[in-house]
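2 protein chains.
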Amino acid sequence: MTTGRPRDPDRDQAILAATRELLAERGYAGFSIEAVAAKAGTAKTTIYRRWQDKHDLLVAALKDHVPHYPEIAEADSLRGDLIAHASRLATLINGFDGRLALGVMQARPDVAGIAEELERNTPSGARLPERVITRAVERGELPAPVDRDLFEEIVSSLLTLRMIRRQLVDDDYVAHVVDDIVLPAFRNSAREA
Amino acid sequence: MTTGRPRDPDRDQAILAATRELLAERGYAGFSIEAVAAKAGTAKTTIYRRWQDKHDLLVAALKDHVPHYPEIAEADSLRGDLIAHASRLATLINGFDGRLALGVMQARPDVAGIAEELERNTPSGARLPERVITRAVERGELPAPVDRDLFEEIVSSLLTLRMIRRQLVDDDYVAHVVDDIVLPAFRNSAREA
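For the protein sequence lines, the chains are A and B, in the order given. The letter at position 25 of the first sequence is residue 25 when you use full-length UniProt numbering, and the numbering goes up by one with no holes. The letter at position 89 of the second sequence is residue 89 when you use full-length UniProt numbering, and the numbering goes up by one with no holes.
It should be emphasised that the hints constitute simulated quantities derived from the structure, not laboratory data. Because the structure is a prediction, the values reported are computed rather than measured. Treat the hints with caution; some may be incorrect.
Where chains are identical, the list cannot tell them apart; a pair therefore holds if satisfied intra-copy or between any two copies.
[Claimed, not checked] Taking lysine-lysine pairs in the BS3-like style, the calculated list, with each CA pair at most 30 angstroms apart, reads:
#	residue 1	residue 2
1	K44	K63
2	K54	K39
3	K44	K54
4	K39	K63
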């Protein structure tokens with residue numbers, strides 16, 4: 001896609017950032033090369049020199065995006081750790097990353113590469129470190145290691161659907177998900193281990 | 001919105017059905033009054049005589065939609081009942097209603113009335129009848145009645161996110177959700193009752 005003309009990395013970055021902002025602000029229906037050009041303060045031809053079409057640009061913008069996951073301090077209980085990790089995801093989902101994920105979801109299934117980028121870019125700050133489980137077993141809170149993928153599966157699904165339905169994801173909702181769904185699933189998983 | 005001109009109910013129904021089909025087939029990005037008119041074999045002016053704009057038409061099309069939930073035979077165990085109800089939702093989500101829900105999700109949050117219609121129209125065939133819980137308590141499978149809303153919350157979230165991510169929702173996945181997440185949550189809810 002590149003030509004003999006030297007590329008301007010700053011210009012490229014500005015175009016990719018404008019693409020993500022448009023998706024987050026106006027959704028896929030409001031996303032066009034023309035709108036990106038206007039937002040990035042560049043010419044449509046500049047964009048077309050680097051990317052074939054809007055889908056090519058969209059995939060590049062998502063590949064370039066690195067969600068920011070703040071560090072999480074270790075708590076002194078399994079429940080404390082789970083609340084902290086679920087709350088971090090709630091913050092992401094309530095912010096720019098959630099709006100971006102919603103914009104990406106709006107892309108049609110037939111856009112090549114979108115499903116994979118969607119998977120990679122749906123806020124997945126809910127991936128639970130192995131260490132959380134190890135510590136819970138050491139503290140005697142769990143009788144055996146559990147399938148920690150259950151955490152991400154449950155928390156990201158429930159919080160994402162709340163976001164899609166424009167329902168509030170607050171501390172009470174996060175506590176409900178951890179206490180009433182994740183912890184019972186973990187205890188069951190430990191029993192079966 | 002109606003004028004002195006007599007309305008043709010069949011024509012109206014055809015326009016609303018075409019709206020739903022377009023949303024399910026091409027998503028919100030492919031939805032326009034022009035495309036609906038072409039699909040319904042009518043003139044754009046006919047549509048504008050009845051509905052103010054595309055959002056007005058979209059809300060009317062969703063209000064008019066009655067998802068078909070097939071009857072479910074009672075099983076002889078709580079697990080059997082839960083699998084049957086979750087499977088029915090999986091069938092809906094894998095079919096027209098799931099594609100329609102995805103199309104509606106693509107509408108922007110600022111479209112008045114969409115959030116409510118989305119809530120009403122996201123396949124909710126997962127609403128568990130009280131009878132399923134009563135029977136489980138009678139059979140001694142649960143020590144006390146549980147919060148049955150947990151079923152709908154868990155199943156519709158997990159299955160919807162799978163659909164959005166274009167991941168398979170098959171019998172194995174349904175059994176995983178019931179066995180590893182719903183049943184542990186129910187047992188926990190019964191303990192706390």
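Exercise. Looking back at the numbered hints, which does the structure fail to meet, lowest number first?
Worked result: Violated hints: none at all, because every hint is consistent with the structure.
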